[in-house]
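Single-letter residue listing:
Protein chains: 2
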Amino acid sequence: MSHNGAGVSEVTVRVPMNIALVKYWGKRDEQLILPLNDSISLTVDKLTAETTVRMIQVVGENTVEINGRRVELSSNKRYQTVFDEALRLQRKRKEDLNKNENKCITHHFEVISKTNFPVAAGLASSAAGFAAIARAIQKILNLNDTQANRLARIGSGSACRSMFGGLVHWKKGEKEDGSDCVAVKTESENWPDLYCIILVFNDERKKVGSSEGMRRTRETSTLLKHRIEYVVPERIEQVKKAYESRNFQDLARVIMADSNQFHAVCLDSIPPIRYLNESSWRLIELVEKFNQQEVKAAYTFDAGPNACVIVQKYDVPAFIRTLLQDIIIPSEDLKSVEEELKVSFDCPSESNSPILCSKLIVSPMGGGPADS
Amino acid sequence: MSHNGAGVSEVTVRVPMNIALVKYWGKRDEQLILPLNDSISLTVDKLTAETTVRMIQVVGENTVEINGRRVELSSNKRYQTVFDEALRLQRKRKEDLNKNENKCITHHFEVISKTNFPVAAGLASSAAGFAAIARAIQKILNLNDTQANRLARIGSGSACRSMFGGLVHWKKGEKEDGSDCVAVKTESENWPDLYCIILVFNDERKKVGSSEGMRRTRETSTLLKHRIEYVVPERIEQVKKAYESRNFQDLARVIMADSNQFHAVCLDSIPPIRYLNESSWRLIELVEKFNQQEVKAAYTFDAGPNACVIVQKYDVPAFIRTLLQDIIIPSEDLKSVEEELKVSFDCPSESNSPILCSKLIVSPMGGGPADS
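Residue numbers (UniProt numbering), protein chains in the order written: chain A, 1 to 372; chain X, 1 to 372.
Isolated chain A, as found in the complex (with noise of 0.2 Å):
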């Protein structure tokens, strides 16, 4: 932490996107983000947002740059609702420490992030954004881990799950005040030969926000109650003890089911919510393809077309080898794979009807964030 004048705390972290692996899906309360059910997740190690925030003790306009661009805060509340908390929470701690003291301190806030990644990718990186800001808060004002992880909860909810390395536990709590809602870190060490491959899939369709398709799922789908209460459950002890035993196969076959689950239930909603398109499900077809002797593969979708493909580190070439036959990967995308796993992928030949990916990220999972 630098302090650039007694006035000024600035704070830089890079912090990595999540992807859960039993998914976060329905609000119990839109306001403090307080889930249905429990989710967790794995961090990407490759895809970050690298973030500095600027405490500035004067009167001011609070500001936020996301890869040179301004953010309008008039139609984005979620950093001004941070921004609240963590005053609250720096007033809160000086009346601990003196009861006397003026609590009228004023202060705002300058956030700079940049995304190693385009955010027009579609891949979701608003959760690692608030993760930063709330890790940065956190350094800032000395806050601890729950601090912390209702800071970038309010933000984004799945940000939480970004504030550590490892497996990551995502608990809905049961309290109102959201004061047992917290992501922690699980027991398990680190499964460090986690790799996931991740295909930007383009699409034009118009997209139901994760907001919104949370909200119509919840009101209108008759089998999300079930998959809240006796389906997540199960799930995230089978992810744990499949993580903790080094068990591929019964953990990809979790998380393939979940990810499944979840888009189920968006069809199930009314209006129907469809998030996986043509291409997404031409990769299912290739994972079940890659999978037919042995489980070695698993894929997971998010609010959006997206693959995300869990394997182990030395299943990686053969697997984009079964890519390639079908799918039209960017060369320079591969070549920085061939480069950093050092091996070489022969030319396809070529496929009936290829799909287009127009972005491969090959990245070790589980990483977390670190501080610079």
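Treat the hints with care, as some may be off.
Pairs involving identical chains hold if they fit within one copy or between any two copies, as the list cannot separate such chains.
Claimed, not checked - Below 25 Å or equal to it, Euclidean Cα-Cα: the simulated PhoX-like pairs (lysine-lysine) are:
(1) Lys206 <-> Lys359
(2) Lys296 <-> Lys206
(3) Lys94 <-> Lys342
(4) Lys241 <-> Lys185
(5) Lys139 <-> Lys225
(6) Lys289 <-> Lys206
(7) Lys342 <-> Lys114
(8) Lys46 <-> Lys296
(9) Lys172 <-> Lys77
(10) Lys289 <-> Lys94
(11) Lys289 <-> Lys207
(12) Lys46 <-> Lys342
(13) Lys139 <-> Lys114
(14) Lys114 <-> Lys240
(15) Lys313 <-> Lys94
(16) Lys207 <-> Lys225
(17) Lys240 <-> Lys335
(18) Lys240 <-> Lys92
(19) Lys46 <-> Lys359
Read the hints as simulated data drawn from the structure, not as lab findings.
Given chain A, put chain X in place with the hints provided.
Then chain X, alone, in the frame of chain A:
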């Protein structure tokens, strides 16, 4: 019924296919074809199988001919199951009449069936075909409705719903021998204003057959049980009530929700089953657009991409005009609709990315079978 000589009984009937409004998906007994849940349906008057059954009192080979082609009975065991059951019923009756009569009367069957729509179009023709065989045998052997229903069902489960006009409720029953598993005509008077618009969309994908699909869903979906126990019973009542009170909007809402839920439990299966394609989804979007002000149409999809849209008779022209904005319809099909409804459709302005429908059929619903 005509008798060509003493040993031959011949009956010809015409039976329509049916569309489930609350879907049948999952068997509790594969041999007797007993379903896991009730379903409810309407017949499609214009899509019929005209079938002649000859029961010949001499040993011989059973034969089945559909649209001029001989069916290979060794790979279509269901026909033999139906013939065996018919002979069992006949023997049973003869025994009741005369305990001393020879039990070994031997017969064989000749079936000639013609559908008035292409079997290859992907419209479920087996329901109409087996219902027609069952109805013809009912006439020949003077069976009661329950016996005839069983005969249709063991041929092709949903065939038992084609045995009546009006709103037909196939009750799953509780007994192991299937004796209380019957389709019955509900008490509501037929609603002749209900029309359906069937759109056939081509699809080159390898389809998961419905028997295999049902098995997979029953064995792997964690949502199916909830659907069966809690959702379907309520929806059956909702359909009955809406149909009885001629409440089209309520009826349409249940129909669409149940079609979507059926496809949701397919997606929740391992590996996931997908029947809807891009064309199906475009049709869903068109129906949503058409329903924006008021719910006037309901889509429903069986185990394939073809759509069935249920509308009231006076809304047929308006709905077809909506279709024409985005869907290319064969001109001869459009012309026959124009002639029948005495309307004319303008040549639509060019759509950006029209989809192709290979067959359009407009038909009243609920008419039921007929004898000739």
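Could you check the structure against the hints above and give me the numbers of any it violates, in ascending order? 3, 5, 7, 10, 14, 15, 17 and 18
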